Amino acid sequence: DTEVTQTPKHLVMGMTNKKSLKCEQHMGHRAMYWYKQKAKKPPELMFVYSYEKLSINESVPSRFSPECPNSSLLNLHLHALQPEDSALYLCASSQGWGPNTEAFFGQGTRLTVV
Amino acid sequence: QKEVEQNSGPLSVPEGAIASLNCTYSDRGSQSFFWYRQYSGKSPELIMSIYSNGDKEDGRFTAQLNKASQYVSLLIRDSQPSDSATYLCAVNWGRGSTLGRLYFGRGTQLTVWP
Numbered sequence: 514d515t516e517v518t519q520t521p522k523h524l525v526m527g528m529t530n531k532k533s534l535k536c537e538q539h540m541g542h543r544a545m546y547w548y549k550q551k552a553k554k555p556p557e558l559m560f561v562y563s564y565e566k567l568s569i570n571e572s573v574p575s576r577f578s579p580e581c582p583n584s585s586l587l588n589l590h591l592h593a594l595q596p597e598d599s600a601l602y603l604c605a606s607s608q609g610w611g612p613n614t615e616a617f618f619g620q621g622t623r624l625t626v627v
Numbered sequence: 497q498k499e500v501e502q503n504s505g506p507l508s509v510p511e512g513a514i515a516s517l518n519c520t521y522s523d524r525g526s527q528s529f530f531w532y533r534q535y536s537g538k539s540p541e542l543i544m545s546i547y548s549n550g551d552k553e554d555g556r557f558t559a560q561l562n563k564a565s566q567y568v569s570l571l572i573r574d575s576q577p578s579d580s581a582t583y584l585c586a587v588n589w590g591r592g593s594t595l596g597r598l599y600f601g602r603g604t605q606l607t608v609w610p
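In order, the protein sequences belong to chains V and S. In terms of our numbering, the first sequence is numbered consecutively and its last residue is 627. In terms of our numbering, the second sequence is numbered consecutively and its last residue is 610.
Just to be clear, a hint being listed does not mean it is correct.
With a straight-line Cα cutoff of 30 Å, these simulated DSS-like cross-link-like pairs (lysine-lysine) come out [stated by the list, open to error]:
| no. | chain 1 | residue 1 | chain 2 | residue 2 |
| --- | --- | --- | --- | --- |
| 1 | V | K553 | S | K552 |
| 2 | V | K549 | S | K538 |
| 3 | S | K538 | V | K531 |
| 4 | S | K498 | V | K566 |
| 5 | V | K535 | V | K522 |
| 6 | V | K554 | V | K532 |
| 7 | V | K522 | V | K549 |
| 8 | V | K554 | V | K566 |
| 9 | V | K566 | V | K531 |
| 10 | S | K538 | V | K554 |
| 11 | S | K538 | V | K535 |
| 12 | S | K538 | V | K553 |
| 13 | V | K551 | S | K498 |
| 14 | V | K522 | S | K538 |
| 15 | S | K538 | V | K566 |
| 16 | V | K535 | V | K566 |
| 17 | S | K538 | V | K532 |
| 18 | V | K522 | V | K551 |
| 19 | V | K553 | V | K532 |
| 20 | S | K498 | S | K538 |
| 21 | S | K498 | V | K554 |
| 22 | V | K554 | S | K552 |
| 23 | V | K532 | V | K551 |
| 24 | V | K554 | S | K563 |
| 25 | V | K553 | V | K522 |
| 26 | S | K563 | S | K552 |
| 27 | S | K498 | V | K553 |
| 28 | V | K551 | V | K566 |
| 29 | V | K553 | V | K535 |
| 30 | S | K563 | V | K553 |
| 31 | V | K549 | S | K498 |
| 32 | S | K538 | V | K551 |
Everything labelled a hint here was simulated from the structure, so no lab data went into it. Given the structure is predicted, the values throughout are model-derived calculations rather than measurements.
Pulled out of the complex, with its shape left as it was, chain V reads as follows (with noise of 0.2 Å):
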């Protein structure tokens, strides 16, 4: 089972908004990661977890708070998002982070900022 699951698939918020995407693995994965996908670009790395501690951040805005409650989800919180800030944004999980570690993403929310 390589199931990563996101909620909610899709998601429509004003700039004034605050709204969070959530994140859930259950494979005993101990790495997490946030990624951003502009249409016909690759994934962006925003944020990767390891053992429920920040480990990278790609010097992200501050509108995007990511939080790891336990070792099987994984938040990011959204506020006052631009309207640039739309796009598909995945979640994905790992065993570790390092080298021959496959990672496997969830299915993604996709953000409409209006």
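Chain S: place on chain V using the hints.
Just chain S, lined up with the frame of chain V:
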């Protein structure tokens, strides 16, 4: 600078043909290599991983790695219309500050016509 290069395509092949997708990378010390398939509007799906020089076969898919030439490829035999998708090459440098990071190429769009 960590770079992963792919021909963006589109690559168009007839049903039943072999599709050949290529990827080059900039760091000779790269550790592991992955191919993801992404259907339009969907999330990336891991289809192959390869860590050692040579060929790795899984069903109709064969990944080929040549670390001396810094080159990794994906062959799809007996191509089917359902193989039509964007194929993303990803590289894990697997050491130091790059631990936990997947570097993606821009993807090659493949169309298999009946």
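- Query: Among the hints numbered above, which are violated by the structure, and what are their numbers in rising order?
  - Reply: none
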